[in-house]
Amino acid sequence: MSDLRELYQEVILEHSKAPRNYGALPTANHKAEGYNPLCGDHFTVYLDVEDGKIRDVSFQGSGCAISKASASMMTQSVKGKTKEEAEKLFAQFHKLVTGATNGDRDSLGKLAVFAGVSEFPVRVKCATLAWHTLEAALEGKQESVTTE
Amino acid sequence: MSTAANSVPQEFHPSMAGETAEFDVEKVRRDFPILQQMVHGHPLVYLDNAATSQKPLAVIEVISRYYERDNANIHRGVHYLSEHATEEHEAARRTVRGFLNAADKREIIFVRSATEGINLVAQTYGRKHVGAGDEVLITAMEHHSNIVPWQILCEEKEAHLRVIPINDRGELLMEELPKLLGPRTKLLGVTHVSNALGTINPLKKIIKIAHQHNVPVVVDGAQAAPHLKIDVQELDADFYVFSGHKVYAPTGIGVLYGKRALLEEMPPYQGGGDMIRSVTFEKTLYNDLPYKFEAGTPNIGGAIGLGAAIDYINHLGMENIAAHEHDLLVYATESLSAIPGVRIIGTAAQKAAVISFIIEGIHPHDIGTILDREGIAVRTGHHCAQPVMQRFRIPATARASFALYNTRAEVDALVKGIEKVKEVFA
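Protein sequences, first through last, are from chains A and B.
If you're matching positions, the first sequence starts at 1 in my numbering and goes up one per residue.
If you're matching positions, the second sequence starts at 1 in my numbering and goes up one per residue.
No wet-lab data here; the hints were simulated from the structure.
Take the hints with a grain of salt, since some may be wrong.
[Unchecked claim] Chain A regions said to be covered by chain B (calculated; three or more residues, Cβ under 8 Å):
#1 7-14
#2 56-66
#3 86-95
#4 129-140
All residues carry an ideal CB built from backbone N, CA and C; glycine is no exception.
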């Protein structure tokens with residue numbers, strides 16, 4: 001049960017039940033779709049990017065608690081960041097959820113609650129789906145990304 | 001093991017006074033070494049049998065004996081081992097013939113899986129008989145393996161795929177069947193038992209109606225073979241496929257049954273060794289059935305393992321297995337229905353021991369992870385039946401599927417596991 005509590009932290013459950021920045025973004029000039037064929041998680045990430053900076057961000061779709069909470073918290077943490085800063089954050093987040101690092105938690109801020117995911121390798125894709133989708137949206141790719 | 005010795009109710013046994021031994025689930029469990037382990041500190045509760053079943057010692061030992069003593073290539077050697085391996089392989093074919101009650105062992109084609117069996121029919125019978133503007137009819141509850149091979153065929157031939165709809169319980173709308181069988185319908189593909197919903201289709205009736213329209217029927221028996229007595233002659237099925245690994249045999253071996261007259265007129269599927277009578281660069285003569293469809297060295301050990309698995313099933317008695325599983329289905333359906341927030345997807349009047357369910361507000365993937373930590377293996381996702389999920393407007397389900405070695409105590413463990421899921425998300 002302890003590693004389950006590690007995975008399903010209160011913050012994560014709360015975000016999955018009441019996701020932030022949820023819904024289409026009318027001012028979006030970038031968007032991408034992300035899909036996890038394994039479990040059917042499906043999200044769209046909307047971005048309003050100006051001068052390389054994420055002015056606004058939102059997401060919409062359905063998925064498990066981990067993927068939904070991760071999408072919600074991703075939108076909070078990249079809002080106002082430059083493209084490079086967001087990509088750097090994703091790289092650190094990826095290391096966190098795959099268990100590759102322990103030292104960078106400070107720079108991840110609230111996102112550190114996802115550390116428990118590293119004990120559940122099959123759930124890494126859930127935690128990173130929204131981030132992969134963000135990356136695709138930032139690069140302006142039109143096609144949908146999958147976690148496969 | 002933590003399972004209760006008396007977990008199968010006594011009222012179950014009166015019908016079992018046949019020639020087979022009385023069904024004792026605790027004794028049966030001892031035949032499956034893999035079940036005797038702990039997972040995440042809990043006794044393993046394996047409820048993912050619709051994905052693949054576990055293997056009894058009787059099968060494991062036959063396979064290892066084959067590789068320790070008998071391994072050789074078949075149908076070609078004059079030496080002792082080759083003759084012996086050939087005899088064992090062909091004995092397995094006779095066993096499969098009996099399992100399906102086919103009229104002739106030459107109607108039993110060994111393939112890799114049910115999927116390969118369907119692809120074989122699509123690429124041989126289908127390519128020969130389906131042309132531009134023709135129709136292939138399937139149902140709304142098919143596994144992707146009984147959808148995609150027909151889509152590939154229809155795309156190539158500019159034919160159309162038609163679908164028989166299902167109702168909210170997950171039953172075929174039988175009144176639609178005659179309406180969808182038209183003059184251009186060349187084939188009907190239907191599953192015997194739905195992997196996602198558990199529905200047992202009224203196959204004999206379906207085949208009878210199809211035949212009244214001169215439409216041959218391909219049956220996906222992957223989910224039926226472990227649970228039901230199959231009689232292809234009584235059903236009058238034209239083609240019937242199943243996979244070994246779902247009936248306690250290894251992966252990589254499956255069966256295509258086809259009526260002899262149909263198989264005879266079909267072109268070969270793959271070319272190679274074993275499927276020929278003589279080869280020159282000008283002309284090749286194909287071998288007789290069933291070898292015409294068995295190009296290359298087959299999965300000899302797998303076929304022998306399948307034979308052993310069927311022997312094991314026959315020893316326990318399919319009626320006994322079906323009765324035991326039906327008891328589990330009834331008990332699990334009652335138990336899960338009593339949990340607030342749990343909804344069972346697939347409530348057909350005739351069901352195999354498969355329960356797809358969702359929990360309000362909790363994604364199936366999260367259910368699967370939490371149950372796993374309790375040692376309970378269920379499948380979560382779309383079960384390779386995305387159209388079924390679309391029909392019920394859900395992204396996925398959790399699925400508990402039972403086999404002959406499952407117990408009521410394991411159903412209780414599942415119920416407790418679901419309570420734990422709800423507790424985590426409370």
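(request) Please name the hints from earlier in the document that this structure breaks, with their numbers sorted from lowest to highest. (result) 3 and 4
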